[in-house]
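For the record, the sequence lines run as chains F and B. What the first sequence shows, in our numbering, is residues 1 to 315, in sequence order. What the second sequence shows, in our numbering, is residues 1 to 387, in sequence order.
Bear in mind the hints are in silico, worked out from the structure with no lab data behind them. Glycine residues also receive a C-beta, built at the ideal position from the N, C-alpha and C atoms. Among the hints, erroneous ones may be present.
[What the hints assert, rightly or not] Below, a sample of chain B positions facing chain F; criterion: calculated Cβ distance under 10 Å:
| # | residue |
| --- | --- |
| 1 | Ser27 |
| 2 | Pro41 |
| 3 | Thr83 |
| 4 | Phe102 |
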Amino acid sequence: MINLSPRQRRISLAVLISPSLFWLIVFFLFPLLIVVAMSFGQRGTYGGIEWNLTLENFARLADPLYIKIFWRSFSIAGLTTIICLLLGYPLAFWIATRPPNRRTLFIMLLIVPFWTNFLVRTYAWILILRDQGLINVAWTGPIHAAAVWLAANLPGVFWSSLSNLTAEPLGLFGTNLAIIIGLVYGWLPDMVLPCYAAIERFDFSLSEAAEDLYANRLRTFLRVIFPLTLPGILAGSMLVFIPSLGAYVTPDLLGGARSVMIGNVIYSQFMAARDYPFGAAVAMGLMILMVIGTVIYFRAGVKSTDTVQPVEAAR
Amino acid sequence: MNSQIPSVELISISKLFGSVTAVDNMSLRIEDGEFFSLLGPSGCGKTTTLRMIGGFEMPSMGEVHISGEAQGFRPAYKRPVNTVFQNYALFPHMTVYQNTAFGLEMQKVPKLEIKKRVFEALEMVRLAGMENRKPQQLSGGQQQRVALARALINQPKVLLLDEPLGALDLKLRKAMQLELKDLQGRVGITFIYVTHDQEEALTMSDRIGVMRRGRLLQVGSPEQVYETPATRFVANFIGDSNYLEGQVKERSADQATVALESGETMWAQPASELTIGEHVTLAFRPEKVHISPGDEPRPEGNAILCSVKDVVYTGSFTTYLLCTQDESEIMVRWQNEAGARQRRFDPGDGVYASWPPELTTAFLPEEDIPAGHTSSVDVIEAMEPSR
């Protein structure tokens, strides 16, 4: 590096970071402060904001209705994260253990669908999940016909109850399940990529060492592979959980009246009810819960991985 | 000794990676308590052989026996052997204690006994007091010793070592060589040691197996492989050698008479069956050659008239590079015993190079590698994806 005096170094540092700092202040910090201020305001009679300091909006959050929505949002986001992990980690593991030239191909295949607009892809799920959709056409069509035929020709309650079941569509659309399916589909790559990065960096001579020391495959995974790829799991889980919690498009398109999430509440307060202060308070509440959750999560994660580093030190 | 059950026995094992033969029909018997080295250039199949004993690769053909028991397709975690890996493969998220205890923990040894044995094992490798360090807080030599303790604590029947000193600097390496040899004597466990370093193999081993292109060329004590190499490759790979080309003139029970292209007659020990008229290479070690002035009578035994081309003084010995009349080069290494009083030769001097016929070996030209075998680089590449 070029020799600079401490003063010159300070100046060059300031020059280098000022554009991004400017950006963050004007377009992130400033709007955030507006939302904070707004959440203490009151809705005007004609939809404006009256700036009289009040905690009324936060008190409204304690309403069982909103607590229920918060709880539902957390459950949906949590389930989405767990399903993404259960699907994504094995996939990432499989890709990371292919020959190097193949890995790039598989990662590409994973990402390619996401070049299409998110709204369009979510809309496609409506066509799959609705009562006249792909799944239900098969369910009430060929599967129903087969069940009826089998019930007529084979003994047992199973086939007759199956034929009764398949007479009606599954009613997937508009449920929490539909939202979870949509979210898992949407955020799966965000789980796979960090897990892949962690597994790809994993030195497989360590799993051979564990095997050499009498650990079978399950124990090798639990004691060596899992702890050493945990940073990827933590990062992936955050990348899936946070956007799922604040999801708006997916529950709006795939969910029904009984599966509203916080994102939809915030949207409706701002756009439909024109209650900016309460919308801001909901957004604040979500943010505070997320920050608390993230801190706890990473504290716990860091504790178990504090000295996990690549094994380069051994060289 | 042969009546005992061998510690490890390989019965015509082969390993194929796709169309590449990494190990080719290899049979070997390693006795109990032996320090055995597998020596060869990279890609010769020595590591693959070790991995087949350890259970990380399964032989394509043949059988691996450990303590008289056929291993079949038994996985690594069920074999009574432990391995010291090339890069140590210490668990970076565990302390020295946890690393060392891992094997016993997996075997469900009671906690108190684990504790006792971990302290004993760390004591043995002189790492007492380091229990709570993480591997990355240790030096290379210390990490090496943790890897040893982690393996030896399980009291395996056989310890496999895959170039364990490769990552250390020269001085530490020399010290560790002696330490390892000493440790092996104390624990009495069979060591199978893979290395490409001939000096390392000569220093530590009871016996050495020299490998090339998946085949075992020679098995013997360090003295045997050095003094009576079985093939030209072995002579070349272990230590330095001088070579002269010639033709077999006469053949007796234990000696061959060979005529060089320049006309001189030499005597040599045949390394294999020779017939009269065959083309052979004579090999002899630089330190066995004596130099005498060219104006003195021709010495007894094998002798050839040369001129001195170059003299290099390197402290404990002096290396002379001689040139025969038909431009073959002979290297001579002379111990500087007599100091400055020793008779010195200068470049341009005419001299006799002479050496005893019983320390000269006659080889047939190196057998051609059969089609289907690929270069060592291909073997390494073929092995890579299996990791």
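Minimum Cβ distance from Phe102/B to chain F below 10 Å?
holds (5 Å)
Holds or violated: the hint that Pro41/B contacts chain F, with Cβ atoms closer than 10 Å.
Violated, because the Cβ-Cβ distance from Pro41/B to chain F comes to roughly 22 Å (cut-off 10 Å).
Per the CB criterion, is Ser27/B less than 10 Å away from chain F?
violated (25 Å)
Can you verify the interface hint for Thr83/B: is its Cβ closer than 10 Å to any Cβ in chain F?
holds (5 Å)
Of the numbered hints stated above, those contradicted by the structure are hints 1, 2, listed in ascending order.
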